[in-house]
Amino acid sequence: MATRWSSELMVAEHPDLQASAMTVDATGTNVLLAGRRYFGLKNLTEPLDSLKKFPRQSKYDVGAAEWNPHQHYKNLSAISTKDKVEIFDWRQSSPQLIHNLCSHTRVVSDLNWHQFDANQIASCSIDTFTYIWDLRDPRRPSISLSTVAGATQVRWNKLSRYLLATAHSGDVKLWDQRKGVLPVQYITAHLANIHCLDWDPNQESRLATSSQDCTVKFFDTSNPKKPENLLTAVAPVWRARYTPFGNGMLMVVVPPMRRGDNSLLLWNLANKGPKSTPIHTFVGHTDVVLEFEWRKRPDSLDYQLITWSKDQTLRIWQIEPFLQKLCGIESDGEPSLEQHPAADLLTSPAIVNPVENTVIGDSRSSSIDVAEPNINEFDSSLVTITQPKTLHQEFSLVNVNIHNVTFDLMDPIKRRCSVTARVEGNIVILQVAFPLGYPNNISPIFQFTSETNVDSETKTKLIKVLKQTALQRVKKNRSCLEPCIRQLVKTLEELSVSDGSEKNQHFHNSLIQHSSVYSSFQDVYIPFPRTSGAKFCNVGMLVCFGRTSSGRQVSMRNDKKTPRSFSALNVYSESPVTTYYYDRHTNQTRSSRINRGVSKGASQKGGKAVLVYDVSSLFPFQRDLAEKYVFDCHDVVGMCQRNSQVAMMLGRKDLGQVWSLAALAATPPVFDEDEDFPWASHPLSIGMIHSIIAHYAKQSDVQTAAMLCCAFGRRAETQGTGTTKNMSKSVNPSPGGSPYHTIHKVESLIEGWNIPLLKQNRSSSWSENLDEFHVANLVELSPLDTEEEKPLRVCLEESWFYEEYKKAYAEILHQWYLLEARAQVMKYIAHSDEKHSGLELKAECPSCKKHSIEPYCTVCQIPVLQCVICHTSVKGGANSCLVCGHGGHTQHMMQWFANNMDCPSGCGCQCLFETASVLEP
Amino acid sequence: MVSLISTIDTGHEDIIHDAEIDYYGLQLATCSSDNSVKIFSVKNGTQALVAELKGHYGPVWQVSWAHPKFGNILASCSYDRKVIVWKEGGKEWSKVHEYNNHDASVNSVRFGPHEYGLVFACGSSDGAISIVTLNPSTGLWDHQKIPNAHAIGCNTVSWAPAGSLQSQGKWGQKKQIVSGGCDTLIKIWQEEGNHWVEQIKLDLHSDWVRDVAWAPSICLPRSTIASCSQDRKVIIWTSTNNTQWVPKIINTFNDVIWNVSWSLTGNILAVSGGDNKVSLWKENTEGNWICISDVNKMPNQSSNEQRAL
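These protein sequence lines map, in sequence, to chains A and B. For the first sequence, full-length UniProt numbering begins at 1 and goes up steadily by one. For the second sequence, full-length UniProt numbering begins at 1 and goes up steadily by one.
Since the hints were derived computationally from the structure, they do not count as laboratory data. Just so you know, these numbers come straight off a predicted model, no measurement behind them. Worth double-checking, as some hints may not be accurate.
Here are the simulated DSS-like pairs of lysine-lysine, each with C-alpha atoms no more than 25 angstroms apart in a straight line [unchecked claim]:
| no. | chain 1 | residue 1 | chain 2 | residue 2 |
| --- | --- | --- | --- | --- |
| 1 | A | K698 | B | K282 |
| 2 | A | K698 | B | K248 |
| 3 | A | K464 | A | K490 |
| 4 | A | K628 | B | K43 |
Reference listing, derived: stretches of chain A covered by chain B, where coverage requires no fewer than 3 residues with Cβ under 8 angstroms from a Cβ of chain B [claimed, not checked]:
| no. | stretch |
| --- | --- |
| 5 | 247 to 256 |
| 6 | 306 to 320 |
Even glycine gets a Cβ: it sits at the ideal position worked out from N, Cα and C.
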């Protein structure tokens, strides 16, 4: 009936090729058939041209093959074989291997060229990695996508250049290649393995998955929770891809136990719902169809379908406009599908395209006679798709590849079957007997054999589950074997998982207890240990550590990127990191023998040395300058001149010049009647200083910038007259004892000292510090205004980053341990934003002797200070002697000391004198 | 010229994972897969083992020195999920605090600016970041936790310098840290009251971020962060307002990059990674980052160490 529109069908048989993969190139002219022993190349434009065979010396079969889809690179084809991806160039008479991409550690399951970038190809493997390769640098993958489950399929999106999908048993992961760490989307698509993935060629967010569970599901990636559409087939779906025309889908099913029909089914996706049936069937292959491809002939509107089957025949099927219309394509203003005379075909079960006996090459081929019964068989089977009527049919339709389950026996005559389920050591052998009336409201009878090793409680539970499942099905007169078996396994798994989680918990606990044990458990997320590093420390030190050279060279030679996570290490070895690098080393003994000879000692120790470099020469500031620079707030010109000499002396002629320039700028002008603008606004004066400071700051020369800021800046307080420090050269005070106990925010002390102290309570480190710096000197530094006293007419305006330069320089001086120079610089800093916190007032509770900063002791609830005059507790203003500690209400103290010199308590302390001597030299 | 001051044979029984010299350049701390931390005196080019600190039960990933105004204090973090704070008292080093509030390996620990008191931040493979502060009045260690700071895990933390840019604007003296993780993101966090709030996400790396370093921004009125990643890139992020960050990829290296470290003035960046090489980078006047050296630090080759400026 259908012969009128299946005019062109070609069949070519190539039984000797044993090809496992087929691919059609970008132009649709060349077909590559790849097998273990041969490549076959066939030109489709010359139908009579026999196939060109190229021997391929390999022990391994070809997993996947694909031509580069880009016009300019159409001569490239990629094939996967074992754990490698090979790229061949076919421009010459024979294929040239141009790239061998190896990084996978187990069999490569699929590959796919990038749809937009001809240099990129993705490959996936059951080693859990999906790699994206750039052929411009084929030594290693440019991106690696890692998951916990092996990947079986990889497909680039046809519209978005960054998106790709991978299939992992029943799940689909979507990735953005710009962000390869985590999948952007995760779809739990099927319960059984996914055999094929395909992106919608017209809509970026849609993809279809076909699975062992006999369904094809359609997902919208923006809403992946639920499939948008579902096609149900009679058998596991091996391939399902969108048609290049219309809204169709071509599907290849694998008939159970390889008995039955090997046809290709064409669907119109506009017909949604469970009732939809294929609109066309291509019948002819006598064994499983391995691969199909589309080809558009440039000279006509027709598409051709090229198929390769396990029966070793290549067939070409013509897809005429009529068929395309059935898939929803509209052209030339013809009436749409619904009005088409053939529209009634949509509702008919199928149109079968029988085989025509046009044979190319070998004359042996299937004939019409063979095809005829196929039609009948198919028709009848289609009727029973939705509901197998006999037990025989049900058995033949049962998907025997259920995880953890083996079907031991299926006997439709005795109406019995036996199933073994193994889940984590639990073995359940179930015998099912099907009474005669089954499945019309009669459940099968379930029984466990004696080999079943689960306890009776579990058994009861399982039987209950099985009966319930069966009952639900047979109530509607439906067969129930497969759902029952699936439910059984599921329940069994759940039971063992709940056991297992307790075990895991236990394991987890033991892990914490013995955490010295390396566990690969969580190591996937722990970054790979650093084995080398460099850190800037102090002012000009660079601390480096690393592996020894031999280890490094080996890793370079292997040309592998350092792994991402700790789990890459051999977790059982005693010192995994060392082993990681040095095992590789021993594998390469011959090549690195010379190195070993040189660095035998070092390589034995495995890089346990730390190198400290002096990199201070990389920085513009110098310690010797810092040691010799002088400060003088009264004689800016002199300060600049002296610093100029210092710089010259130390060979820094550039800085010498700068300081002389600064001296000139600071020199007050000779009084001149004609001068009508102040010197400060002269372009060679303060403006120049600003730009010099800005210049050095930009160069990171904090030293020069900060020193200029100091010279022209305002000092927070004047020095007491006659103090020797006025013109002091800063010298390293080299204090005794540990340097770490010193607190150097000396200038901030001032604030602390005009509060009357109850009792001195300083840490030992503080007293050391104070001794060094002579408290007296500091006390003099009262915050007087300095503006009048400054002999200088130029003065930098306030700028917060000048303060920053000074602070930064002070920090550097601190790290150099040039404490006096630092103190000098700190004096020029206007606002010390750090509040002094080194001294605090504490009182000792008279009863419990605990220190308290509150007026009441928190423990004893009694006031800690009693006025020595009125013997009541003091809450308000208080004064105390710094030496004997006696004191009280400020009022009372003032009255007392107006007339007396010694302590009101009668302790004999000369309070006024003693306190004064603490504060003065 | 860059010169080698000293080579310290640490005597660790396994690979070293981190080394740091203290504030004054006097003591070196190292940590290793042999579960120990060692402290050496390196004053004036001499070297002597001062202490070997044992207390971790797994490889020790990182060490950090506190500011000396708190005393000689060192923090170390380890695979054993702990951070230990060590302190020198007299001539002896001892454990003063053990922080074990993480559920997986602690990968990074760094002390904050001394202006904030004695405080450290640590990031763990459980995805969380902790900020642990010594309360000076009670002597107890308080901790704040940022749960799920990074999906999969947090690999590195770094403190914003105190003051500088922040102190001038509306930022006040709020503490800020930057962190990087396995989710390829860099995140900036700010303390708001009792909580740490995510300020911004920086998203350019395509693989695990291995190290971040907030530069001391003293010479220019801007903030700078360097980050490096498994994707072999080093990125410099700059901002003048702490809200818009401009990334610049300074280089794509041959192997993964593990460390970035700023010099004291924030103008030179040291970069090191899986290929065992160290390079120094500096911004030139055109604003491009150029490599100014290649420190080759193999012990047996250190003599022909050279630098091209």
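Quick rundown of the hints versus the structure:
{"no.": "1", "hint": "A:K698 to B:K282", "result": "holds, 13 angstroms"}
{"no.": "2", "hint": "A:K698 to B:K248", "result": "holds, 19 angstroms"}
{"no.": "3", "hint": "A:K464 to A:K490", "result": "holds, 13 angstroms"}
{"no.": "4", "hint": "A:K628 to B:K43", "result": "holds, 22 angstroms"}
{"no.": "5", "hint": "247 to 256", "result": "violated (count 0)"}
{"no.": "6", "hint": "306 to 320", "result": "violated (count 0)"}
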